[in-house]
Amino acid sequence: MSSKKVRGNPGLRRGVGSKTTDLDEIMEDPPAGDWLTLRSDQLLEWIDNAVYNVAETTGMREVVNRVTRPIFNYGQRFSPHPLHFGIMCCAIEMGQASAPDHDIDRLGLVYRSSPRQCDVLIVNGPVCEKLRPKLKTLYEQMPEPKWVIAMGECAISGGPYWDSYSVVAGADTFIPVDVYIPGCPVRPEALMHGFLTLQKKIREKEPGMFLRR
Amino acid sequence: MTLFDACRIMAEWTVKVLIPVFEFQEGLFPPFSNPAGWVADWLATEGGLDTMAWFYAVNIAFMIGMTNLILVIHLERKVAARIQDRRGPMLSFRSLRELGEDLSGQAPSWKFKKNYSGIGILQNLADGIKAITKELIVPAKADKFLFTMGPIIFISSSVFLLALFPLSDRFAASSAPAGLMVIMAAFSIAPIGVLTSGWASNNKYSMIGGMRSAAQLMSYEIPLLLSMAGVFLLAGSFDPVVIVEQQQASTWFFGLPMWNFIPQFIGFAVFMICILAEVERVPFDLPEAEAELVEGWTTEYSGIRYMLFLAAEYIRGFAGAAVATILFLGGWAGPWPVPPEIWFLLKVYLILLFWIFIRWSVPRIRTDQILVLGWKKLLPLSLINLLIVIFMVEIYPYFTEIVNLPEVF
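As given, the protein sequences belong to chains B and D, one line each in that order.
FYI, in the numbering used here the residues of the first sequence are 1 to 213.
FYI, in the numbering used here the residues of the second sequence are 1 to 409.
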């Protein structure tokens, strides 16, 4: 489209992101003559906004969230799928955690190779300057409810390489970290305890998910 | 009484309840009175009753398939864990207590030990709920239409399979005379979905995965159908019911039924290898080779789409085991006290258990190896099997008429 003419419903763009509670303004949103100019994605956006606004003003959102939040939270905390990604010696311990002695599959963990199918990013080793953009990309490729575990001293603060010219001083300098597991290297039991701590955190902190924003 | 008769009775009862509702609504809302009247008139006819009965039958088949899907995934994870001397997922029913606490607003009690002391069948529930809440990512440079069409083709053609195979001669959602041909046609749609989603992801690993799926289709499809041709020739029909009756009718030593895997053991071996390639389980899971391609053709799919891909693969595995049971293992035939549906499921689960053992015991083969295996080894073997069956059906009876030979087959 070469023309810069704005298509669609101007009232729609006004509604985006605005948390209005005025009922008249909500009802004004679909103008009578403008229906045919809506594209399908705009229509979906309008439906999203209308449903959200109505649910917000009538208090339905709180009711729905009160039911759906525990159910969704149950699924999220009992099925963490970490990314199969190893940096250094803590990755060996991560593999040992899946072995018969410390069977981490009991907690429902399945290591997936693609970041699109993961919930948890385990940073297990020193992040050098060359790795940092790649790790940030991997974090950004993961779909939205996602958590990060910093495993070992190197991922927490740089560890023995704290004054090196090429090692980042901790994973939390560029991605938000949820759980820190100290140890050099981390024992498999400690990794399992880290996942249980993450469950505890998800149960306490995760907001309701049914209606967005 | 067949499944359809039971569904017909249920439909009659439903219509008895529904018609007064529609008639009541006819007077209540004048603008909608006409459609309500039409629906009520239509439901009272034979066609309306039959349609509703089919609706019930297909839904029952779908629910049975989905129940089996959950059991198959659970069996796969637990047996895999036992093969590796582990215990597998152990999420217990006691973890639902936490859900109850959250729903009722009580203070949380942190007793994690009790969450992991069960059989772990709730793990599937947790995975499914999590997949619903995940974000659906469409990559910026992907072909958005095909990216959404690929999962639809793959999953719908897989779920379609559930309505096609009968659990017994009385328990069938659909009994077409060409039943097995329809099943194999539905099986062959899925590689198109794989190729579509692999190409539309605009990712080189997905692309290679989709191409491998197409190359694999070239190699296994011909020996698969040729090994099935022997069974069709012996039974003279594509109908699953006729095939199973033929296997039960032909007898062996001591009057035992001669199921098809005894005279056609070459065809049985070829069919088991090819159906394993058809459902893309481990020795032939080239399209999603985790060590070479990241996740193969599912690399760019997130959330519920990925989870439905996974579910559809297990549905295909279940349907493939069911086809193998009908063709070679005598279907639902078995001794009396156990009902035939249970016999059928027992045989299907036996094959699935065998496949799980294979999955965790053998390495993956290469693309050129599967082409060599398909064209140079399985294709001649399936032709030999077809020759044996032709000898059994056509030539040997001809000579028994001329010379006095015993009737073996």
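None of these hints come from the bench; they were simulated from the model.
Incorrect hints may appear among the rest.
As the list claims (entries may be wrong) - DSBU-like cross-link-like pairs, simulated, lysine-lysine; straight-line CA separation at most 35 Å:
1. Lys114/D to Lys146/B
2. Lys205/B to Lys144/D
3. Lys205/B to Lys114/D
4. Lys114/D to Lys130/B
5. Lys136/B to Lys377/D
6. Lys136/B to Lys141/D
7. Lys130/B to Lys141/D
8. Lys146/B to Lys16/D
9. Lys201/B to Lys114/D
10. Lys136/B to Lys205/B
11. Lys136/B to Lys146/B
12. Lys200/B to Lys376/D
13. Lys377/D to Lys146/B
14. Lys114/D to Lys134/B
Stated by the list, open to error - Derived coverage of chain D by chain B (criterion: at least 3 residues anywhere in the stretch with Cβ under 8 Å from a Cβ of chain B; other residues may be distant):
15. 83–94
16. 115–126
17. 133–147
18. 152–160
Ideal Cβ placement from N, Cα and C applies to all residues, glycine included.
Check: Quick check: the region 152–160 of chain D, covered by chain B? Criterion 3+ residues, Cβ under 8 Å.
Finding: Check failed, 0 qualifying residues.
Check: Against chain B, does the region 115–126 of chain D show at least 3 residues with beta-carbon separation below 8 Å?
Finding: holds (count 7)
Next item on the list: Examine the region 133–147 of chain D for residues whose CB is less than 8 Å from any CB of chain B, and state whether their number is three or more.
Entry: holds (count 5)
Note to self: Would the hint linking Lys130/B and Lys141/D be met if the CA-CA limit is 35 Å?
What the structure shows: holds (26 Å)
Check: Are the Cα atoms of Lys205/B and Lys114/D separated by 35 Å or less?
Finding: Cα-Cα ~22 Å, so holds.
Margin query: Need the status of pair Lys136/B, Lys205/B: alpha-carbon distance at most 35 Å?
Written below: Between Lys136/B and Lys205/B the Cα gap is close to 23 Å, so the pair holds against 35 Å.
Checklist line | Lys205/B paired with Lys144/D [C-alpha distance capped at 35 Å] | finding: OK: Lys205/B and Lys144/D at ~34 Å, within 35 Å.
Margin query: Can you tell me if the region 83–94 of chain D counts as covered by chain B, using C-beta to C-beta distances under 8 Å and a minimum of three residues?
Written below: holds (count 8)
Checklist line | Given pair status - Lys130/B, Lys114/D, alpha carbons within 35 Å | finding: violated (43 Å)
Next item on the list: Given the hint that Lys136/B pairs with Lys377/D, test it: the Cα-Cα distance must not exceed 35 Å.
Entry: violated (49 Å)
Check: Given the hinted pair Lys377/D and Lys146/B, is their alpha-carbon gap at most 35 Å?
Finding: Violated, at roughly 48 Å.
Check: Can the restraint linking Lys136/B and Lys141/D be considered satisfied, given a maximum Cα separation of 35 Å?
Finding: Holds, because 20 Å separates the two Cα atoms, which is no more than 35 Å.
Hints 4, 5, 8, 12, 13, 14 and 18, counting from the list given before, are not met by this structure.
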